[in-house]
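Novice: Listed below are the residues making up each chain.
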Amino acid sequence: MHRSKVRIVEDALDANNTIARANRADFDCHGVTVLNLMSAPGAGKTTLLERLLAEPLEGIRVGVLEGDVQGSYDSDRLAALHIPVTQLNTDPGFGAECHLDANMVRSALPSLPLAEIDLLVVENVGNLVCPAEFRVGEDARVMVCAVTEGEDKPLKYPLMFRTCEVVVINKIDLLDHLDFELDRFLYNLDAVHPGVEQMLVSARTGEGVEQVRDWLLRLTARTGVPA
Amino acid sequence: MHELSIATAVLNTALRHAGDRPVTAVGVRAGRFRQVVPESLRFYFEVVARDTPLEGARLELIEVPVRLLCRACRGEWEPDWPLFRCPDCASANVSVLAGEELEVEYIEVEEKEATCTGAR
Ligand SMILES: Nc1nc2c(ncn2[C@@H]2O[C@H](COP(=O)(O)OP(=O)(O)O)[C@@H](O)[C@H]2O)c(=O)[nH]1
Ligand SMILES: [Mg+2]
Ligand SMILES: [Zn+2]
Numbered sequence: 001m002h003r004s005k006v007r008i009v010e011d012a013l014d015a016n017n018t019i020a021r022a023n024r025a026d027f028d029c030h031g032v033t034v035l036n037l038m039s040a041p042g043a044g045k046t047t048l049l050e051r052l053l054a055e056p057l058e059g060i061r062v063g064v065l066e067g068d069v070q071g072s073y074d075s076d077r078l079a080a081l082h083i084p085v086t087q088l089n090t091d092p093g094f095g096a097e098c099h100l101d102a103n104m105v106r107s108a109l110p111s112l113p114l115a116e117i118d119l120l121v122v123e124n125v126g127n128l129v130c131p132a133e134f135r136v137g138e139d140a141r142v143m144v145c146a147v148t149e150g151e152d153k154p155l156k157y158p159l160m161f162r163t164c165e166v167v168v169i170n171k172i173d174l175l176d177h178l179d180f181e182l183d184r185f186l187y188n189l190d191a192v193h194p195g196v197e198q199m200l201v202s203a204r205t206g207e208g209v210e211q212v213r214d215w216l217l218r219l220t221a222r223t224g225v226p227a
Numbered sequence: 228m229h230e231l232s233i234a235t236a237v238l239n240t241a242l243r244h245a246g247d248r249p250v251t252a253v254g255v256r257a258g259r260f261r262q263v264v265p266e267s268l269r270f271y272f273e274v275v276a277r278d279t280p281l282e283g284a285r286l287e288l289i290e291v292p293v294r295l296l297c298r299a300c301r302g303e304w305e306p307d308w309p310l311f312r313c314p315d316c317a318s319a320n321v322s323v324l325a326g327e328e329l330e331v332e333y334i335e336v337e338e339k340e341a342t343c344t345g346a347r
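These protein sequences, in sequence, are chains A and B. Per this note's numbering, residue 1 is the first one in the first sequence, and the count goes up by one each step. Per this note's numbering, residue 228 is the first one in the second sequence, and the count goes up by one each step.
Hints are not guaranteed to be accurate.
Stated by the list, open to error - Derived list of chain B stretches under chain A, where covered just means 3 residues or more per stretch with a C-beta under 8 angstroms from a C-beta of chain A:
1) 231–242
2) 260–271
3) 275–285
4) 288–301
As the list claims (entries may be wrong) - Pairwise CB distance ranges (calculated):
5) A:Ala115 to B:Pro314: 19 to 27 angstroms
6) A:Arg7 to B:Ser322: 21 to 29 angstroms
7) B:Lys339 to A:Arg222: 52 to 60 angstroms
8) B:Asn320 to A:Val69: 45 to 53 angstroms
Claimed, not checked - Negatives, chain A to chain B, calculated, CB over 10 angstroms:
9) His2
10) Gly59
11) His99
12) Pro158
Don't read these hints as lab results, they were simulated from the structure. All C-beta atoms, glycine included, are put in the ideal place defined by N, C-alpha and C.
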């Protein structure tokens, strides 16, 4: 026996990226635009979706894939909107992963009504670290950051803030009650991701949510392949 | 926390290249921007490698500093905090030259000595 060094030089996430591309091809083939929605737990992803999807989105048919470690609380909330919601729990079989990866989403493909929707919103598991590393086959990534989370979040989780094309700053209805310095947050965000699109909203009151709505319409127009 | 996911990804990449050869070490290049905590990655790697041909393999971590290039003024810098706007000309047109990588660079394997098949 002797030891030898074998050079590999391969992205450790290559396997995930390959599956993500396969997912993307399947979504494209059905003309479905896919949005990966990420945040820390409790930033307001589900509330934002409830707001956004309460009324029809100008003829765009929306479906939601709910990633959760356990339970179907968010799916149950969204079911009230009468849109197709598919639950994907990361617990059974996936070892309680703290994020969705391309393979988990692939496993959910057969239960997604791809022929009946134009836009699929994937609500990722609440976590600011791992979801940023794992593409699932999305066209765009959006993150929600609540003003209750503090001004330093972009500096602590730069990969997440850099990987998203829109940062939704949520819970602005609480600004008067907090010592959150919005300017400092925006300064940090600009350092980490200069020029990133940012939207100030309150999913609770609905303030600013129309910006997200308009952006969703632009996104679907930009990426939607006519079926 | 994400070290568990990364350890698993590293393991699977190494396994695919190792075939059935026992692996004694894995070299991983991790850009600083990936925020990998070395002790944590080593810990999880040891756990996920159990009962595989990589059990007991050493994880050799090569940390790569972040290096950025401003496409407007061609300035280069190594930020010590996540500053991606050019500190000289304030341009946002910045490329990451290094510091984003997360690669399995090599594996060290035990090979059986090639048996001599030549005619005597
Ligand atoms: N005050 C306030 N609370 C909000 C807002 N958006 C969400 N919440 C609350 O924050 C909590 C977590 O929201 P949820 O949508 O479940 O977060 P998710 O984990 O990101 O899906 C819930 O109690 C929401 O009612 C907001 O804009 N303002
Ligand atoms: Mg939710
Ligand atoms: Zn510059």
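Novice: To test your reading of the hints: which numbers does this structure violate?
Specialist: When the structure is compared with the hints, numbers 3, 4, 5, 8, 9, 11, 12 turn out to be violated.
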